[in-house]
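Taken in order, these protein sequences are the chains called A and B. Taking the numbering used here, the leading residue of the first sequence gets 1, the next gets one more, and so forth. Taking the numbering used here, the leading residue of the second sequence gets 224, the next gets one more, and so forth.
Check the hints yourself; a few may be wrong.
[What the hints assert, rightly or not] The following residues of chain A were derived to be distant from chain B, with all beta-carbon distances above 12 Å:
| no. | residue |
| --- | --- |
| 1 | V38 |
| 2 | S54 |
| 3 | S57 |
| 4 | S62 |
| 5 | E73 |
| 6 | F91 |
| 7 | I98 |
| 8 | D105 |
| 9 | L177 |
| 10 | A182 |
| 11 | T187 |
| 12 | V215 |
[Unchecked claim] Here are the simulated DSS-like cross-link-like pairs (lysine-lysine), alpha carbons at most 25 Å apart as the crow flies:
| no. | chain 1 | residue 1 | chain 2 | residue 2 |
| --- | --- | --- | --- | --- |
| 13 | B | K281 | A | K86 |
| 14 | A | K108 | B | K386 |
| 15 | B | K353 | B | K281 |
Hints listed in this document are in silico derivations from the structure and should not be mistaken for laboratory results. From a predicted model like this one, the values you see are computed outputs, not experimental measurements. Backbone N, C-alpha and C fix where the C-beta goes; we use that ideal spot for every residue, glycine too.
For reference, the chains in residue letters:
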Amino acid sequence: MKPNQRKRFFINKPLQGHYALYIVIVLFIVSFVSGLSVYMSIWNSVLRDFSNQSIKSRLELSTRLREYADAREQTSQEEMTLAMIKEFSLFAAREREILNTILRDAYKDLFPLIALLFFVIGWGSIFVTHKIAGPIFRMQDSFMKVASGKLNFRIQLRKYDEARELAPLFNTVISRLDRTMALIKSTGHDLSSAFAQHSCPQECAELLQKITTEVEGYETSKE
Amino acid sequence: MKQVKNRSTFIKTIVCFLLLIAGMIPIRSVAAQETTEDLLSKVQRDSINYFLKYSHPKTGLIPDSNMPHAPASIAATGFSLIALVVAAENQWLTYDEAYDKVKRTLFTLQNKVQHERGFFYHFISTNSGKRIWESEASSIDTALCVASALIAGQYFKDTIVEKLARSIYERVEWDWMLNNTHLFCHGYKPESGFLPYYWDTYSEHLILHVLSIGALRHTVPSQCWSEWTRLEETYNGLPVIFAHSGSLFTYQFSHMFVDFRELSDNGIDYFTNSKNATLANRAFCINSRDMHPTYGENIWGLSASLGPRGYKAYGARPGRAFHDGTIAPYAILSALPFCEEEALRSITYIYENYKDNVYSQCGFRDAFNLEENWVADHYIGIDQGITVGMIENYRSELIWRLFMELPSTTRWIERCNLIPDHQINPHTIMPREQEPV
């Protein structure tokens, strides 16, 4: 097994569970809205425009328009058969136009909707990622403060931030370090004063013992 | 003595009765006039109702008919502008209402309606203005629409309406539609090019020449005016430069705009020609009573219209004279400026006897056939429009006046040398009508 290969995929069930839920909800909304829009804009129009009544009315119209042309062009009786073929081709052309119109209108309706969905998803992503990016930022900032020697601060994460249980842990660590460093610092001062006043070695030994006892609780790399 | 007294009383009674009758005659005549005027007003107003009722609320485009899913017709849309002008003139709409509606329609025509070098497609979608039914970019329908737009521009002078109308007119590349000939092609389809039909004999295309010869840009040569054949035939003693179909509308559509009364085309007076054609149409109906007994002195008017077997180019002689007993009331009403007496008598008769069947909320239905007990169940936009315009010309000559004031009309008259000459010519003299056989 490779050293970096994961043994378990659910290392943080609540966190991963939340994110899985967010993704599922977003995908459901997107699919639902897209599906509904496609149905409303395309299939609804197709069902309406290709109803028996509509087709009948278009057949009558194609006949009428052919008759207009015949009246204007003074079509003879011999040309009537040809006119009938033309009438059907006119009807077929109209059917194509209707389908094209439905699709064009559907695209026209769908494009703004897709843009809106992108906006909602984008905004939602920022909102959701902020819940984890916020704590990471706070922790990063805190570690930098510790690195620069500041121990007099504590962190607090918001109610709905992810990994908010890290904050009390971090605060416990920093409190302990704070307490140790404070003790070392004050004991150092006391030792310095004792040496300056040539106090007895007994007193100095007690102070050194105090420091040793305090740092005894830490495990270091050199040990 | 008593006998004398009785006779005197009798004579007095007779005189009184005669005086009473004599006194009633003018009263009855005035009442009849009022009735006719009222009827025309009603028909005009109801016909305008078609354009108000069926126009698209956003684009102002007008469906070809009130058939479900009917496409917008560019000519009917043009005619709606005339209907709005007439409505404003008669105060059936306020000036502002009519102005707003006209402006909306012209804006659509200028910016939304699909066209080919300025020539509008015959049938377009009512809400988008895009070409549908693979229709052709139509020369005559564009001309009818543009002429109507110019009428609106002239009525709402010095406004944006006039600018829009002029812009639509100037955009048309009239010379392109000649397709390298001197005759106007019927139309153009992007898929197959120019249609194989040309306006080569008398028909409703005169308005196309008026606009194209009078245009400042893409003007067509005046030779085009003389290029089409003037076929002449006499029917019932009436000489007519005739259209092949013999349909009355061919003698009416261009005449809604152009006042031909003072114009002479090398001796041809097209106003009288339309009058002769109308009288010939009537005479043809009377003479055809053996075939269709429902025709009569008041039941005539063969013109392209709906019929029991679909839309047909019904007509009389001179011409192909295809008819089946179907009468188009719009053609009778549109004949008012030419044959006032005959048209009024006929339309009053039809209204009084058949109004329950042939008259509805948008005026007279497109056609009826008494023999087959059939009445059109739809209105046709252009037929409604010509009705409104021609009644207005009959009543006030408004459309004629507005159109004849246009500089383009003046240029057409000058370029085609249509200044009236008063030489004796068989067409300028109204021939005596023969009694129908």
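Numbered hints the structure breaks, given as an ascending list:
Hint check: 2, 3, 4, 5, 6, 7, 8, 13, 14 fail, others pass.
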